[in-house]
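A.B. asks: Taking the hints into account, I'd like the entire structure generated from these sequences.
There are 2 protein chains.
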Amino acid sequence: MNHFILDNVHIITTNKEQRVLKQHYVEVKNGIIQEIAKTPIPKNKEAPVFNYQGKWILPGMYNTHGHTPMSLLRGAADDVPLNRWLEQHIWPREALLNEERVKAGTSLALLEMIKSGTVAYLDMYHLHMDRVFELVMQSGLKAVLSRGMIGFGSKRDLESKLTSACDMAKTWTDAGDSNVKGMLFPHAPYTCPPDFLKDVVEKAHQFKLPLGTHLAETKTEVIDHKKKYNKTPVSHLNELGFFDQPAILTHLVHAENDDLSLLKNKPVSISHNPMSNAKLGSGIAPIPEMLDSGLSIGLGTDSTASNNNLDMFEEMRFAALLQKANQTNPALIPAETVFDMATINGAKMLGFSEHGIMQEGAPADFIMIDSEAAHLQPETNMFSHIVYAANGQDVTDVFINGRPIMKDRELQTLDEEKIRFEANACFKDLEYEFKNTP
Amino acid sequence: MNHFILDNVHIITTNKEQRVLKQHYVEVKNGIIQEIAKTPIPKNKEAPVFNYQGKWILPGMYNTHGHTPMSLLRGAADDVPLNRWLEQHIWPREALLNEERVKAGTSLALLEMIKSGTVAYLDMYHLHMDRVFELVMQSGLKAVLSRGMIGFGSKRDLESKLTSACDMAKTWTDAGDSNVKGMLFPHAPYTCPPDFLKDVVEKAHQFKLPLGTHLAETKTEVIDHKKKYNKTPVSHLNELGFFDQPAILTHLVHAENDDLSLLKNKPVSISHNPMSNAKLGSGIAPIPEMLDSGLSIGLGTDSTASNNNLDMFEEMRFAALLQKANQTNPALIPAETVFDMATINGAKMLGFSEHGIMQEGAPADFIMIDSEAAHLQPETNMFSHIVYAANGQDVTDVFINGRPIMKDRELQTLDEEKIRFEANACFKDLEYEFKNTP
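Those protein sequences? They're chains A and B, same order as listed. Counting from 1, one number per residue, gives the positions in the first sequence under my numbering. Counting from 1001, one number per residue, gives the positions in the second sequence under my numbering.
Please note that a few of the clues may not be correct.
Claimed, not checked - Pairs of lysine to aspartate or glutamate residues, derived as DMTMM-like cross-links and limited to a Cα-Cα distance of at most 25 Å, are as follows: (1) A:K16 - B:E1431; (2) B:K1155 - B:D1224; (3) B:K1055 - A:E416; (4) B:K1428 - A:E372; (5) A:K228 - A:D130; (6) B:K1022 - A:E433.
Said to hold, decoys possible - Some chain B residues well away from chain A (every beta-carbon gap over 12 Å; in silico): (7) T1163; (8) D1167; (9) A1175; (10) V1180; (11) G1361.
Unchecked claim - Cβ pair distances, simulated, as ranges: (12) A:E35 - B:K1418: 34 to 42 Å; (13) B:D1408 - A:F434: 35 to 43 Å; (14) A:L127 - B:H1003: 50 to 58 Å; (15) A:I223 - B:T1220: 30 to 38 Å; (16) A:Q245 - B:K1226: 53 to 61 Å; (17) A:F421 - B:D1408: 20 to 28 Å; (18) B:N1051 - A:S160: 50 to 58 Å; (19) A:F434 - B:E1289: 35 to 43 Å; (20) A:Q245 - B:S1261: 52 to 60 Å; (21) B:N1030 - A:L127: 49 to 57 Å; (22) B:K1418 - A:V80: 43 to 51 Å.
Just so you know, these hints were derived from the structure itself, not from any lab. Bear in mind that the values here come from a model prediction, so they are computed numbers and not experimental data. Just so it is clear, CB atoms sit at the ideal spot from N, CA and C, and this is done for glycine as well.
C.D. replies: Given below as structure tokens:
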């Protein structure tokens, strides 16, 4: 079905002039939003009409940071210092992630993202990313994928990692049918030596691939970097030319004022992951200051190992409340700001221009919310309810390019039961090996 | 049915030694948890058995702070400075809350609480609390209710408020069948003059009623109090005898170190409302310091006008993450701590001793979670998932005194559709009047 009309819906938009359109219809043709107008539908329309009275339609969520295979590690460890968390809990388990387990973890993450209204996301992992690409294509989600690179190893190792990352990124971009793209994502300045980062930047230029990296996530990282190089990681990356082309900078919790001025007129954007930064005790990113600098900011969940879910509604709310609490200012980061971060900004950052909006001519990537839930009453201010009261479980339907990916909470492209079964089976095997590895 | 067995469940407990009991059964008799033991059930049991394979059972949530009639004002205003929020948005609407609207708002809040797994709560409001009492009794929830008192008005007005508050509290305690109790809740030291607070304390002594108040919610409140009385609100209340009997101190965001030492050995407990404090820009309560002082802390949502939902799962997570972020320490406020705040501590604070635990001899007040949701996979660490991944919509069943209040997400005591309809109708009338009031 490539032409249809959804009637009698309320629409939540990124349009600053009018955030809510009541009792409208949305006409979709060949994957594109053809028309949005007030109900009733004119008589001359010939497409089949579906009455969705009581539903709210909004742009899907764009999750700008994640590591899907790690979904198998949800709850592996919480509430422990970062180095212990990594060294004793996460890395030893990651070392046991074989192809089957990567697939199981990724499938679980894709399932959870669709269920909670995400339509596109960024994925970075160092293992079996080709399998991740295949799973994403099956799921119907849109994505930007990267074969993550940690800059440890011989020169030859690094060359081979970079070649493989470039090859994969180009392949995915070509094969992804505009829905999946590749990027280059060196892990972080503290795990990638400057020479290697220079090579990565060069390849990104050469192949016109966007860049991404984790940056200034913890105070320790920044202190250590300054000790070692006598400059902040941000100014260091700047010198290496990292910001001369589209780049997604993830976390940036400990950005200094000079860092922000430096980033101001660069083609970069920030992936803000407030729940993961909180859970790992990394701190609170200076988002109000970044907004004042005119930086573009999207939201990300990070992996479920440090979140521990992929619910972008919760992430929006947390992002808004955290800053209000931290600076004792309720007017800071209003609902509109986080909503735009999660939708239109995220889409732009991921390279999906004209996405993340409910507008004629935009791809029909949108989600529906069941407005009857108790926590969404009364119908005061739907926009406020989406940000301050809803969560991912309110999502009932997900459309991507006009294709229903989830209908009335039933997955259309993935087998939920099978994914659940395989995730648990793989997890049990992994835990057994983990506990019996000397 | 006063005798039954729920079989094949996983149980989440407040027992520090063993937080998860896998594949157990729970025998309930006359509203009490008679036995908890490992499946299989012994042959000699005669009660009907219900197989709940795949469900997790945990104590229900205890919400230690709220104003249910205000549920009608969800989303009335967000992201504005506190004085503007109160003066332009909340108070003018509250002035229009008649009996019908109070009932509609309260019913909506009760519905939302049951849906999201709350079994008992605290309610403070200044209008039509008798109607609230009736609605609570119909709902099957447990509650501590108070006719709120703001200390403005003539001496005679204040006397009459206090008399009415005492009468109601006594009536509810007598008629509440141990499930509903009364308390005295003067609004706050900045709205109640010292003489009036002294009278309230005296009455609380006389009638053996617990006390509650909002305290040190904002920095301004503390600064102003010190200017006026040359002491902090906490030390002032101490002098007035407020802490010589069971008292629930709500918010306490701006408690000073001397305040905490002063409260240390008093029969008081703290209702921590982190999301409301964040949303209103009040700040971040010194919870780690309070725990170090040995203070007892429960969680509260506050009303939906400043939260904007009543989901205690989200409140647990927010409480844990906020402190980790604020003090850049991931080990702070671990999952166990917030879980106990929301259950056993909250129950104790509300005067429901032996509640909030999954233990033989305790009242059968518990909830069930559907463990099949994508965001609760894999079944690594159910305890972690409850705190760090779940939300109120994962709750499928609610039992109070062994009576099913919600079964498979269907309300057993309340008419969901009617409540939704009335809340919206009342809200529309209220908004019409609000907009047309000169």
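A.B. asks: Take the hints in turn and mark each one as holding or not.
C.D. replies: Each hint, compared with the structure:
Under the criterion of a C-alpha separation no larger than 25 Å, the hint pairing K16 (chain A) with E1431 (chain B) is consistent with the structure, at around 23 Å. Distance check on the hinted pair: K1155 (chain B) and D1224 (chain B) sit about 23 Å apart at the alpha-carbon level, within 25 Å; holds. A threshold of 25 Å between alpha carbons decides the hint, and for K1055 (chain B) with E416 (chain A) the separation of about 18 Å falls inside it, so the pair holds. Between the alpha carbons of K1428 (chain B) and E372 (chain A) the distance comes to roughly 16 Å, so the proposed pair stays at or under 25 Å and holds.
Between K228 (chain A) and D130 (chain A), the direct Cα distance comes to roughly 36 Å. Violation of the 25 Å bound is thereby established for this hinted pair. Distance hint between K1022 (chain B) and E433 (chain A) is fulfilled; the C-alpha atoms sit about 21 Å from each other, no more than 25 Å. Non-interface status of T1163 (chain B) relative to chain A is upheld: no Cβ of that chain comes within 12 Å, the nearest being about 34 Å off. Taking the minimum C-beta to C-beta distance to chain A, about 32 Å, the non-interface status of D1167 (chain B) holds against the 12 Å cut.
Non-interface status of A1175 (chain B) relative to chain A is upheld: no Cβ of that chain comes within 12 Å, the nearest being about 27 Å off. V1180 (chain B), annotated as away from the interface, keeps every beta carbon of chain A farther than 12 Å; the closest lies near 21 Å. With a cut of 12 Å on Cβ distances, G1361 (chain B) stays outside the contact zone with chain A, its closest approach being about 31 Å. The beta-carbon spacing between E35 (chain A) and K1418 (chain B), approximately 37 Å, falls within the hinted interval of 34 to 42 Å.
Judged by the Cβ atoms, the range 35 to 43 Å given for D1408 (chain B) and F434 (chain A) holds: they are separated by roughly 36 Å. At roughly 54 Å, the beta carbons of L127 (chain A) and H1003 (chain B) sit within the given window of 50 to 58 Å. Taken as a hint, the range 30 to 38 Å holds for the pair I223 (chain A) and T1220 (chain B), whose Cβ atoms sit roughly 36 Å apart. A C-beta distance of roughly 55 Å is found between Q245 (chain A) and K1226 (chain B), which places it inside the suggested range of 53 to 61 Å.
The hint said 20 to 28 Å for the Cβ distance between F421 (chain A) and D1408 (chain B), and at roughly 23 Å that hint holds. One distance hint, 50 to 58 Å for the beta-carbon pair N1051 (chain B) and S160 (chain A), holds here, with the actual separation near 54 Å. Taken as a hint, the range 35 to 43 Å holds for the pair F434 (chain A) and E1289 (chain B), whose Cβ atoms sit roughly 37 Å apart. A C-beta distance of roughly 57 Å is found between Q245 (chain A) and S1261 (chain B), which places it inside the suggested range of 52 to 60 Å.
Evaluation of the 49 to 57 Å hint for N1030 (chain B) and L127 (chain A) yields a pass: the beta carbon distance comes to about 56 Å. Checking the proposed 43 to 51 Å range against K1418 (chain B) and V80 (chain A) shows it holds: the Cβ atoms sit about 48 Å from each other.
When held up to the earlier numbered hints, the structure conflicts with hint 5 and nothing else.
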